[in-house]
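> Listed below, chain by chain, are the residues.
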Amino acid sequence: MEIMGLPLIYYGAMILKVLLAFVFVLLTVAYATYAERKIIGHMQVRVGPNRVGPMGLLQPIADGIKLFFKEEIIPSEASKFAFLLAPLVALIPAFISFAVIPFGDVIEIAGYKIPLQIAAFADNAGTVFDLNIGVLYILAMASLGVYGIVLAGWSSNSKYSLLGGLRSSAQMISYELAAGLAIVCVFMVSQSLSLHAIVADQAGLFGWYLFRNPFTFLAGIIFFICSLAEINRTPFDLPEAETELVSGFCTEYSSMKYAMFFMAEYANMVTVCAVTTTLFLGGWQGPLPSVLNFIAKVYFLMFVCMWIRATYPRYRYDQLMKLGWKVFLPSTLFLIVGNAIWITLFK
Amino acid sequence: METLFFSIVAAIAILMSILVIRCKNPINSALSLIMTFFCLATLYVMLEAPFMAAIQVIVYAGAIMVLIVFVIMLLNIRTESGRRTQHALFLGAATGLFLLFQTWYFLSRSSLTGAKGAIDSAAIAKVGHTELIGQSLFTEFLLPFEITSILLLAAIVGAVVLAKKKV
Amino acid sequence: METIAIPAINMSVIAPEMILSVVAMALLLINVFVKNEQKGYLGYLSIAGILVTLYSLTIGWGAPQDGFSGSVVQDNFAIFFKGIFLVSAAMSILITDQYLQREGCNQGEVYPLMLFATVGMMLMASGTDLMTIFLGLEVLSVSLYVLAGFNRGSIRSNEAGLKYFLLGAFSTGFLLYGMALTYGATGTTKVVKIAAAAQSGMVSSNLMLVAGMLLMATGFAFKVAAAPFHMWTPDVYEGAPTPITAFMSVGPKAAGFAAFLRVLLVALPVFKAEWSSLLWVLAVLTMTVGNITALYQQNIKRMLAYSSIAHAGYILVGFTAGNAVGTSGILFYMLSYAFMNIGAFAVIILVGKKGEENNNLADYAGFGYKHPALGVAMCVFLFSLAGIPPAAGFVGKFYLFSGAIQAGYIWLAIIGVLNSAASVYYYLRVMIYMYFKEPTEDFNWVRLSPAFIICLIIAIAGVMIPGVVPGTILELAQKAILM
Numbered sequence: 001m002e003i004m005g006l007p008l009i010y011y012g013a014m015i016l017k018v019l020l021a022f023v024f025v026l027l028t029v030a031y032a033t034y035a036e037r038k039i040i041g042h043m044q045v046r047v048g049p050n051r052v053g054p055m056g057l058l059q060p061i062a063d064g065i066k067l068f069f070k071e072e073i074i075p076s077e078a079s080k081f082a083f084l085l086a087p088l089v090a091l092i093p094a095f096i097s098f099a100v101i102p103f104g105d106v107i108e109i110a111g112y113k114i115p116l117q118i119a120a121f122a123d124n125a126g127t128v129f130d131l132n133i134g135v136l137y138i139l140a141m142a143s144l145g146v147y148g149i150v151l152a153g154w155s156s157n158s159k160y161s162l163l164g165g166l167r168s169s170a171q172m173i174s175y176e177l178a179a180g181l182a183i184v185c186v187f188m189v190s191q192s193l194s195l196h197a198i199v200a201d202q203a204g205l206f207g208w209y210l211f212r213n214p215f216t217f218l219a220g221i222i223f224f225i226c227s228l229a230e231i232n233r234t235p236f237d238l239p240e241a242e243t244e245l246v247s248g249f250c251t252e253y254s255s256m257k258y259a260m261f262f263m264a265e266y267a268n269m270v271t272v273c274a275v276t277t278t279l280f281l282g283g284w285q286g287p288l289p290s291v292l293n294f295i296a297k298v299y300f301l302m303f304v305c306m307w308i309r310a311t312y313p314r315y316r317y318d319q320l321m322k323l324g325w326k327v328f329l330p331s332t333l334f335l336i337v338g339n340a341i342w343i344t345l346f347k
Numbered sequence: 001m002e003t004l005f006f007s008i009v010a011a012i013a014i015l016m017s018i019l020v021i022r023c024k025n026p027i028n029s030a031l032s033l034i035m036t037f038f039c040l041a042t043l044y045v046m047l048e049a050p051f052m053a054a055i056q057v058i059v060y061a062g063a064i065m066v067l068i069v070f071v072i073m074l075l076n077i078r079t080e081s082g083r084r085t086q087h088a089l090f091l092g093a094a095t096g097l098f099l100l101f102q103t104w105y106f107l108s109r110s111s112l113t114g115a116k117g118a119i120d121s122a123a124i125a126k127v128g129h130t131e132l133i134g135q136s137l138f139t140e141f142l143l144p145f146e147i148t149s150i151l152l153l154a155a156i157v158g159a160v161v162l163a164k165k166k167v
Numbered sequence: 001m002e003t004i005a006i007p008a009i010n011m012s013v014i015a016p017e018m019i020l021s022v023v024a025m026a027l028l029l030i031n032v033f034v035k036n037e038q039k040g041y042l043g044y045l046s047i048a049g050i051l052v053t054l055y056s057l058t059i060g061w062g063a064p065q066d067g068f069s070g071s072v073v074q075d076n077f078a079i080f081f082k083g084i085f086l087v088s089a090a091m092s093i094l095i096t097d098q099y100l101q102r103e104g105c106n107q108g109e110v111y112p113l114m115l116f117a118t119v120g121m122m123l124m125a126s127g128t129d130l131m132t133i134f135l136g137l138e139v140l141s142v143s144l145y146v147l148a149g150f151n152r153g154s155i156r157s158n159e160a161g162l163k164y165f166l167l168g169a170f171s172t173g174f175l176l177y178g179m180a181l182t183y184g185a186t187g188t189t190k191v192v193k194i195a196a197a198a199q200s201g202m203v204s205s206n207l208m209l210v211a212g213m214l215l216m217a218t219g220f221a222f223k224v225a226a227a228p229f230h231m232w233t234p235d236v237y238e239g240a241p242t243p244i245t246a247f248m249s250v251g252p253k254a255a256g257f258a259a260f261l262r263v264l265l266v267a268l269p270v271f272k273a274e275w276s277s278l279l280w281v282l283a284v285l286t287m288t289v290g291n292i293t294a295l296y297q298q299n300i301k302r303m304l305a306y307s308s309i310a311h312a313g314y315i316l317v318g319f320t321a322g323n324a325v326g327t328s329g330i331l332f333y334m335l336s337y338a339f340m341n342i343g344a345f346a347v348i349i350l351v352g353k354k355g356e357e358n359n360n361l362a363d364y365a366g367f368g369y370k371h372p373a374l375g376v377a378m379c380v381f382l383f384s385l386a387g388i389p390p391a392a393g394f395v396g397k398f399y400l401f402s403g404a405i406q407a408g409y410i411w412l413a414i415i416g417v418l419n420s421a422a423s424v425y426y427y428l429r430v431m432i433y434m435y436f437k438e439p440t441e442d443f444n445w446v447r448l449s450p451a452f453i454i455c456l457i458i459a460i461a462g463v464m465i466p467g468v469v470p471g472t473i474l475e476l477a478q479k480a481i482l483m
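Taken in sequence, the protein lines are chains A, B and C.
Anchor point for the first sequence: position 206 equals 206 in the working numbering, and the numbering is continuous, going up by one each time.
Anchor point for the second sequence: position 95 equals 95 in the working numbering, and the numbering is continuous, going up by one each time.
Anchor point for the third sequence: position 432 equals 432 in the working numbering, and the numbering is continuous, going up by one each time.
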């Protein structure tokens with residue numbers, strides 16, 4: 001049985017992969033909130049949530065129920081359409097980035113080769129065909145995330161929200177550039193934009209692009225920092241700075257719409273960690289079964305995110321802009337040049 | 001299947017571009033424009049030009065439109081002011097009809113496929129779309145590619161000259 | 001991974017452009033270290049750069065070569081036009097510093113921007129790929145938009161910059177759309193290959209190519225300010241800082257014509273009958289609209305703006321002819337137009353003072369008696385603009401019109417001569433104000449700096465010498481035609 005030249009099992013596998021990735025992200029998001037509170041709690045010599053369920057493990061569910069039953073408030077002067085649209089726009093790009101991320105090696109089911117990457121298929125020889133501009137697709141989706149926050153800030157008709165929205169759009173545009181340029185270092189080594197090819201090229205610890213040469217190492221670190229800024233994580237969480245902006249763009253949001261922003265934040269964190277893993281930490285390559293390698297690396301990076309949150313205070317707005325434009329942008333340009341020289345010299 | 005998909009995307013693109021000029025609220029116009037860009041990106045994908053599609057989304061939807069939305073928000077333009085006069089409406093309709101007639105005449109008389117260049121589906125399948133763009137930028141269009149750097153430099157200098165606070 | 005074979009790069013083809021861009025970039029860096037009142041030195045540095053570029057140009061004369069897989073060519077035609085651009089840029093730079101200091105906006109970036117604009121023009125003149133021509137045009141336009149709005153304190157200058165930007169972007173759209181359709185019809189952007197493709201009846205009978213040609217013609221007509229696409233000219237010329245007006249009334253117009261000539265003569269000779277009749281209409285409209293509107297102007301900058309439209313019309317007469325005499329006439333006329341127009345603007349700058357541009361005709365009352373030398377210089381330029389012998393303007397017009405007659409466009413030549421006669425009225429009116437009205441001011445603020453003296457001497461020499469002995473330059477122009 002074939003549809004458009006491909007056996008039916010490919011379509012079944014595709015749907016299964018979508019479900020798998022979706023459930024993975026959702027579960028991770030739910031328990032990332034719990035993990036964050038626990039980890040920060042321990043770092044600050046507190047206990048963290050421990051009342052709901054054993055060791056507080058049911059806390060995310062309790063939080064979810066609480067948010068679900070909260071009153072839905074729409075400010076009277078808000079632009080309703082944009083106000084309702086904004087949380088969706090914030091959440092969707094975070095999820096659909098996963099379409100191109102390879103979270104495992106090619107597996108074999110009933111004689112068919114199935115790559116563990118949503119937008120990909122493999123022929124019988126095991127050659128994987130995926131979106132050959134995967135990296136650009138991720139950049140494109142990342143650049144769309146800003147609309148959710150901007151729309152939320154504008155449509156709430158509140159000055160705190162507006163300021164939060166403006167801050168975040170300026171911040172995301174600024175750091176997108178440096179992040180994009182840092183990825184250029186990866187292209188230069190991989191000579192491909194396909195994420196499957198990029199992961200396949202990173203076998204072994206010293207095959208990881210992070211350790212390939214000094215320039216990609218720095219590029220990896222800069223990419224991770226810029227990504228933190230792009231998803232508004234601490235220390236770059238100015239758009240929702242509680243002390244100045246009364247939580248910024250989501251001041252006027254409540255109930256499920258607030259929960260969606262909350263989920264978007266954590267889903268973005270998962271995505272960013274997954275992208276960093278894929279581009280710099282060898283993706284699913286490693287000693288464990290391929291999917292577990294991937295998950296372990298992603299969780300490690302998420303731990304680092306939380307660690308950073310527990311450690312660093314927030315940047316001031318001008319410091320943030322200075323860091324983006326005057327430090328990261330020139331240094332990524334320098335890295336590209338340096339990387340080119342390195343590749344030419346040590347072929 | 002492909003024709004059906006194309007028709008849907010094209011219809012959305014047209015609808016959205018009509019909304020761009022019909023919306024009273026500038027933010028909604030901007031959002032419609034973003035949707036139009038998305039539809040264009042989809043069409044690029046169907047034309048076997050995924051790189052163009054990605055660039056379309058990154059540059060237009062992701063960067064330029066963010067700046068436009070940014071400016072609209074800063075200026076806080078809520079709704080359109082000023083009314084269209086009867087006169088302008090008539091002129092606009094007349095021009096529109098004339099352009100429509102012109103388009104019809106043009107489409108009925110000319111061969112739209114024109115001459116084919118060296119790069120076709122087979123070449124794209126063999127080398128890859130992104131690679132082909134890179135190759136032609138560094139071979140056939142090397143000089144124009146380099147000129148753009150002068151262009152960007154001149155534009156940056158110009159922007160700084162016109163906009164910086166103190167001379 | 002396969003490697004890319006980079007084709008042979010012939011750097012000597014773009015040597016002049018490279019030298020000039022490097023000078024411009026170096027000036028940008030030097031500018032940071034130069035004190036505000038000494039920015040004039042940057043002008044001299046850029047003139048030195050222009051002279052070096054001019055020298056590098058002369059090497060290539062008579063030995064046409066192309067490079068970058070046919071994107072660019074260095075032939076006599078391009079070199080002649082580049083000479084015009086460089087001379088006009090140098091002369092405009094000479095008169096820039098004093099004006100900017102007077103108006104208090106002497107930012108050093110003006111010189112790099114003028115040089116970038118010149119680089120853009122040079123690329124337009126030598127571009128044989130529609131992409132090169134388009135990007136050259138963009139480099140030119142972007143620099144000019146900024147230069148037109150350079151005096152940030154003046155509302156007029158801001159208005160000029162913004163208007164020029166909006167209309168310029170609009171016209172760029174036409175040009176690019178035309179290029180896209182041409183590419184679609186012929187499958188190439190190289191002018192030579194377009195010509196080859198258009199040989200086949202399949203392509204040349206395609207309406208798409210015709211539409212492409214028409215849209216490109218519209219775009220170029222905007223850039224050279226031909227009627228009915230001239231609306232931006234008076235406002236922009238009036239509002240822009242005067243040295244910049246001088247700069248953009250000559251070089252960009254010449255660059256527009258250079259690219260226009262190359263596209264029509266080299267790429268689309270198949271449609272010669274069609275574009276000739278199109279240009280016929282454009283030429284008549286442009287001359288007539290320019291001259292008649294200029295008759296009513298009280299502001300001398302606006303008057304010269306309309307006169308520049310009229311001159312674009314004269315050049316279109318030679319273009320319509322499309323033969324050797326007409327084309328060499330265009331080259332000759334563009335060169336002499338550079339001298340006479342920039343000379344006239346130099347005098348206009350001197351008449352103004354801080355905060356008062358003194359651009360109304362009444363402000364010129366008695367100027368000829370208070371400053372006899374400047375008065376005579378202005379008369380020479382105006383005579384040349386009017387096309388009165390023995391100035392260069394006469395010789396240029398003579399060749400343009402005789403080209404038209406040779407090609408059989410007798411009526412066009414007659415209309416041109418009539419227009420030329422009408423134009424004498426408004427040029428003479430300035431002289432009447434200068435010599436036949438009682439002075440109301442003592443013009444004691446007029447200060448002739450060495451730079452101005454050099455510029456005026458060059459301008460007068462450039463107007464008179466080719467006017468009296470046109471032989472040498474005419475010979476060069478005849479060697480530089482595209483056929």
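Do not rely on the hints blindly, as some may be mistaken.
Below, simulated DSS-like cross-link-like pairs (lysine-lysine); rule was C-alpha separation at most 30 angstroms, straight line [stated by the list, open to error]: (1) K190/C <-> K164/B; (2) K159/A <-> K322/A; (3) K326/A <-> K39/C; (4) K39/C <-> K116/B; (5) K347/A <-> K116/B; (6) K159/A <-> K70/A; (7) K126/B <-> K353/C; (8) K164/B <-> K272/C.
In short, the hints are calculated from the structure, not lab data.
> State for each hint whether it applies.
Do the hints match the structure? See the list:
no.	hint	result
1	K190/C <-> K164/B	violated, 40 angstroms
2	K159/A <-> K322/A	holds, 25 angstroms
3	K326/A <-> K39/C	holds, 28 angstroms
4	K39/C <-> K116/B	violated, 53 angstroms
5	K347/A <-> K116/B	violated, 39 angstroms
6	K159/A <-> K70/A	holds, 24 angstroms
7	K126/B <-> K353/C	violated, 68 angstroms
8	K164/B <-> K272/C	violated, 49 angstroms
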